[in-house]
Amino acid sequence: MKFDTIIIGGGLSGLVTGISLAEAGQKCLIISAGQSALHFFSGSFELYGCDGAPLESIAALDATHPYSKLGVEQIGRLAEQVPQFFERMNITLRGSALRNHYRLTPLGVLKPAWLTMDEYVRVESADQMPWSRVAICDIAGFLDFQPDFLASGLAGRGVESKVVTISLPELERLRNNPTEMRATNIAKVLSDDVLVRLAQKINDACGDVDAVLMPTVVGLLEGSAVEQLRRMVDRPVQFVATMPPSVPGIRTQITLRKRFQELGGVYMLGDTAKSGTFDGDRLTSIRTANHGAVEFEADNFVLASGSFFSHGIVASPEHIYEPTLGLDVDAAGERSEWYERNLFKAQPYMTFGVSTDSDFRVRKEGQTLSNVYAVGAVLSGCNPIKEGCGAGVAILTSMHVAHTILK
Amino acid sequence: MKKQYNTNYDQSFEQCVKCTVCTVYCPVAAVNPDYPGPKQAGPDLERYRLKNPRFYDDTLDLCLNCKRCEVACPSNVRIGDIILSARLKYSTKRPKLREYMLANTDVMGSMATTFAPLVNTSLSLSPVKKVMDRVLAIDHHRTMPSYSSQKFETWYKRHARAEQESFARGVSYFHGCYVNYNHPKQGQDLVKVLNAIGYGVHLLQKEKCCGVALISNKMKAQARRQAEVNMTSIRESVAAGRPVLTTSSTCTFTMRDEYPHVLGIDNSDVREQIVLATKFIFEAVDAGRVKLAFREDYRKRIAYHTPCHMEKLGWSIYSTSLLRMIPGVEFVMLDSQCCGIAGTYGFKRENYSYSQKIGEPLFRQIKSLGVDLVATDCETCKWQIEMSAGVTVENPISILADALDVEQTMKLNK
Chain H
8 MKFDTIIIGG
18 GLSGLVTGIS
28 LAEAGQKCLI
38 ISAGQSALHF
48 FSGSFELYGC
58 DGAPLESIAA
68 LDATHPYSKL
78 GVEQIGRLAE
88 QVPQFFERMN
98 ITLRGSALRN
108 HYRLTPLGVL
118 KPAWLTMDEY
128 VRVESADQMP
138 WSRVAICDIA
148 GFLDFQPDFL
158 ASGLAGRGVE
168 SKVVTISLPE
178 LERLRNNPTE
188 MRATNIAKVL
198 SDDVLVRLAQ
208 KINDACGDVD
218 AVLMPTVVGL
228 LEGSAVEQLR
238 RMVDRPVQFV
248 ATMPPSVPGI
258 RTQITLRKRF
268 QELGGVYMLG
278 DTAKSGTFDG
288 DRLTSIRTAN
298 HGAVEFEADN
308 FVLASGSFFS
318 HGIVASPEHI
328 YEPTLGLDVD
338 AAGERSEWYE
348 RNLFKAQPYM
358 TFGVSTDSDF
368 RVRKEGQTLS
378 NVYAVGAVLS
388 GCNPIKEGCG
398 AGVAILTSMH
408 VAHTILK
Chain L
542 MKKQYNTNYD
552 QSFEQCVKCT
562 VCTVYCPVAA
572 VNPDYPGPKQ
582 AGPDLERYRL
592 KNPRFYDDTL
602 DLCLNCKRCE
612 VACPSNVRIG
622 DIILSARLKY
632 STKRPKLREY
642 MLANTDVMGS
652 MATTFAPLVN
662 TSLSLSPVKK
672 VMDRVLAIDH
682 HRTMPSYSSQ
692 KFETWYKRHA
702 RAEQESFARG
712 VSYFHGCYVN
722 YNHPKQGQDL
732 VKVLNAIGYG
742 VHLLQKEKCC
752 GVALISNKMK
762 AQARRQAEVN
772 MTSIRESVAA
782 GRPVLTTSST
792 CTFTMRDEYP
802 HVLGIDNSDV
812 REQIVLATKF
822 IFEAVDAGRV
832 KLAFREDYRK
842 RIAYHTPCHM
852 EKLGWSIYST
862 SLLRMIPGVE
872 FVMLDSQCCG
882 IAGTYGFKRE
892 NYSYSQKIGE
902 PLFRQIKSLG
912 VDLVATDCET
922 CKWQIEMSAG
932 VTVENPISIL
942 ADALDVEQTM
952 KLNK
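So the sequences go chain by chain: H and L.
For the first sequence, the numbering used here assigns the number 8 to the initial residue and increments by one for each residue that follows.
For the second sequence, the numbering used here assigns the number 542 to the initial residue and increments by one for each residue that follows.
Because the hints were derived from the structure by calculation, they are not lab data.
Keep in mind the model is a prediction, meaning the values are calculated, not measured.
Don't be surprised by glycine CBs; every beta carbon is placed ideally from N, CA and C.
Each hint should be verified, as a subset may be incorrect.
[Said to hold, decoys possible] Pulled a few chain L residues facing chain H out of the computed Cβ check, cut under 8 Å:
#1 562
#2 564
#3 581
#4 813
#5 855
#6 858
[As the list claims (entries may be wrong)] To give an idea of the interface, some chain H residues facing chain L are shown, with a C-beta separation under 10 Å as derived from the structure:
#7 46
#8 180
#9 182
#10 183
#11 187
#12 227
#13 250
#14 265
#15 268
#16 275
#17 276
#18 296
#19 297
#20 300
#21 301
#22 316
[As the list claims (entries may be wrong)] With a Cα cut of at most 35 Å, we get these calculated DSBU-like pairs of lysine-lysine:
#23 H:195 to L:898
#24 L:747 to L:955
#25 L:733 to H:34
#26 H:265 to L:898
#27 L:898 to H:208
#28 H:195 to L:559
#29 H:393 to L:559
Whenever a hint applies, use it, and build me the whole structure from the sequences.
So, in structure tokens, the structure goes:
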């Protein structure tokens, strides 16, 4: 089976690459071994987690960082296209690469963010909260949200809050299965008339507040439930995403995949790329677990297979390797150098990943492959947790590689 | 500390990182909070069950074995297999008459085809359905599948077998119970298509029901016996140079994956030779070994439904690619979601309402599209969708047979 480009990995990077190529008319295949890290999405994308101007911090990164390969000027240019890219599938993101705003975590902490989904809390300045009094609306029995943490975080910033716990018969029924009382299961119940009654309860209980804050427990399969709820509640409703799993993350995954498929892309979920056939410095085809001897051929290949969690990179007791194509990795040789003994310090293993040239072409046995690129978390040279750059690296390297392929 | 009860088990549950993604995509957990969901029922409780079987919980029977949890899992945990194996190993509930009747498709099929007109009429009568509901707990809302008065095998021996030797290339056809007892036309359509592209169609030396219904109704010993019979015939066929083709995604999945994972039968020597006919034909066309010519007057708007086991196989691309090749077909892809019937599951009174609730979004989507036909590779999905969405459902092979210009195709493949 022949495609223009085959992408290994179906999360944020794989889908942004696939959609960018398919929008330009390419015939693409995405192979995804299970669902992706988007299922842990906070509702905000980070470019670089610092106060103020992220591009200034990015300019100071060393040469091995994926951002340094892109260059600050290109990052600025690509970053401007990102909100429009998502707007084309009706995902509204607000923010700018010129200056970070803050998102609010369910624990009541402010974190720097680049782009935040429209209905999520967005604080422009850490010194000035947008409200003086809010209601925090919790669902009785919901496991993954502790409103007292949020309330105490807000109190520290001068915001008074009132915790309101809501229960409905439909939600009480879910508590038969207490260990799975999670955002996604709740969201499956909250639609139509149940949503109307939820809005009534919120209106009755919240009183005179500037805003209602609640965990994202609506709008899993249809985003319209979020708008309906916001219309029916008297006060402005803003969300904080809880996880795992994350309702806005799943919604985003479904929306991106749908867009890719509507553009003619083929998305194969639950399959694993197993091996490749090479001709000199070119990869000509790959085989997968589900399709046996069938060769999937393409002009270009993109590895968007993620880091350790997604098995894009694997650590054995002795060494670190890329399991699909046996690509070269940048990683410390000695196991003792993989870790920093202080857990809270930057962990070296977080920066391990596949080795690439300045255009993100990968290497195998020292030779650069001319038609295989890597994007997102599988890349070496960055520490998404410590630097707060996971989404930025995923989206921007994917856009860059798509442009390179289309050139 | 007490010794662990069992040390021989599938260790993939150790890979579970508790991300809960599987439960998000579980069709049962979405409609029935009595079901603990795949994470809890699978890897979480497996740890306890290995310590002591009394941690086994009868709510595991609510799992419909769609394997959508496994497709969603980012960590390669065989969640569905863990749940199914636990049911077979630990459940103390013995199968009752209803389970024997629903699971023994061969016995019931042979009896029913003999008296087909009588059986079909009785099974559609509301008093009969009420009695079946009360006595057997088979839900009276369900439309029962109708039986054919002539088995596919009988038709094949009388009308097709003689000419099959004249083809230079040949395949074996595992027709399955549905084609044999309920819908021989689907098998006839396969013979028509394969003959047109130059392949003779043979039957296996001996074919038994693949055993999927026996497995889900906890009759493991009988399932194993039937599987062994099938494996012997499949090996003979492969040794004779004939791959084994099927027209049911569930039979295919059962023989390829449930045999080794659930029944403990090693099929690795021939597994790659057990394939859906649509995959076999697509690959031949794609490689240029075979050419298809279609009727110019064929015009239909067709939506494809991905059965759960097809999703797990990952093979819908073959069936849909073939349908898209037909010039007169306006193709629509339905969202991949469970229709709710899951073989014998949706026939049971205790499951019926959940079964319909699971399928509701799919039925709504189908009704909104105004299609002439729904195409799908699974017979029980066909029953469910025909009953619940009021639209005719056909196997892609039957659609291909209908759209094919047989004479022209034969010429192209001479």
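Verification of the hints:
1. With 8 Å as the threshold, the beta carbon of residue 562 of chain L comes within range of chain H, its nearest partner Cβ sitting at about 5 Å, so the hint holds.
2. A cut of 8 Å between beta carbons decides the hint on residue 564 of chain L: the least distance to chain H is about 6 Å, and the hint holds.
3. Checking residue 581 of chain L against chain H by beta carbon gives a least distance of about 6 Å; that is within 8 Å, so the hint holds.
4. Because the smallest distance between the Cβ of residue 813 of chain L and any Cβ of chain H comes to about 5 Å, under 8 Å, the interface hint for this residue holds.
5. Interface hint status for residue 855 of chain L: upheld, as the beta-carbon distance to the closest one in chain H is roughly 4 Å, under 8 Å.
6. Interface restraint check for residue 858 of chain L: the shortest CB-CB distance to chain H comes to about 6 Å, inside 8 Å, so the restraint holds.
7. A hinted interface residue such as residue 46 of chain H counts as satisfied when its beta carbon comes closer than 10 Å to some beta carbon of chain L; here the least separation is about 5 Å, so the hint holds.
8. The interface hint given for residue 180 of chain H holds, since its Cβ lies 6 Å from the closest Cβ of chain L, which is under the 10 Å cut-off.
9. For residue 182 of chain H, the shortest C-beta to C-beta distance to chain L is roughly 8 Å, which falls under 10 Å, so the interface hint holds.
10. The beta carbon of residue 183 of chain H is positioned within 10 Å of a beta carbon in chain L (closest approach about 5 Å), and the interface hint is therefore held.
11. A least Cβ separation of about 5 Å between residue 187 of chain H and chain L falls short of the 10 Å threshold, and the interface hint therefore holds.
12. At a threshold of 10 Å, the smallest CB-CB gap from residue 227 of chain H to chain L is about 8 Å, leaving the interface hint in force.
13. With its C-beta approaching chain L no nearer than about 9 Å, residue 250 of chain H sits inside the 10 Å limit, and its interface hint holds.
14. Taken as an interface hint, residue 265 of chain H checks out: its beta carbon lies about 9 Å from the nearest beta carbon of chain L, inside 10 Å.
15. Interface hint status for residue 268 of chain H: upheld, as the beta-carbon distance to the closest one in chain L is roughly 7 Å, under 10 Å.
16. Annotation: residue 275 of chain H was flagged as interfacial toward chain L, and the flag holds, the nearest CB pair being 6 Å apart, inside 10 Å.
17. Checking residue 276 of chain H against chain L: minimum C-beta separation of about 6 Å stays under 10 Å; hint holds.
18. Among the interface hints, the one on residue 296 of chain H holds; its C-beta lies about 8 Å from the nearest C-beta in chain L, closer than the 10 Å criterion.
19. Against a cut-off of 10 Å between C-beta atoms, the interface hint on residue 297 of chain H holds, since the closest Cβ of chain L lies about 4 Å away.
20. Restraint check, residue 300 of chain H versus chain L: the minimum CB separation of about 7 Å is within 10 Å; hint holds.
21. About 7 Å separates the beta-carbon of residue 301 of chain H from the nearest beta-carbon of chain L, less than 10 Å, and the hint is met.
22. The interface hint given for residue 316 of chain H holds, since its Cβ lies 7 Å from the closest Cβ of chain L, which is under the 10 Å cut-off.
23. Proposed proximity of residue 195 of chain H and residue 898 of chain L is supported: the alpha carbons are some 12 Å apart, at most 35 Å.
24. Between residue 747 of chain L and residue 955 of chain L the alpha-carbon distance is near 31 Å, which keeps this suggested pair within the 35 Å criterion.
25. Note on residue 733 of chain L and residue 34 of chain H: the hinted pairing holds, with a Cα-Cα distance of about 33 Å set against a maximum of 35 Å.
26. About 24 Å separates the Cα atoms of residue 265 of chain H and residue 898 of chain L, which keeps this hinted pair within 35 Å; it holds.
27. Of the supplied pair hints, the one linking residue 898 of chain L and residue 208 of chain H holds, its CA atoms being roughly 27 Å apart against a limit of 35 Å.
28. Distance check on the hinted pair: residue 195 of chain H and residue 559 of chain L sit about 20 Å apart at the alpha-carbon level, within 35 Å; holds.
29. Of the supplied pair hints, the one linking residue 393 of chain H and residue 559 of chain L holds, its CA atoms being roughly 23 Å apart against a limit of 35 Å.
Of the hints listed earlier, there is not a single one the structure fails to meet.
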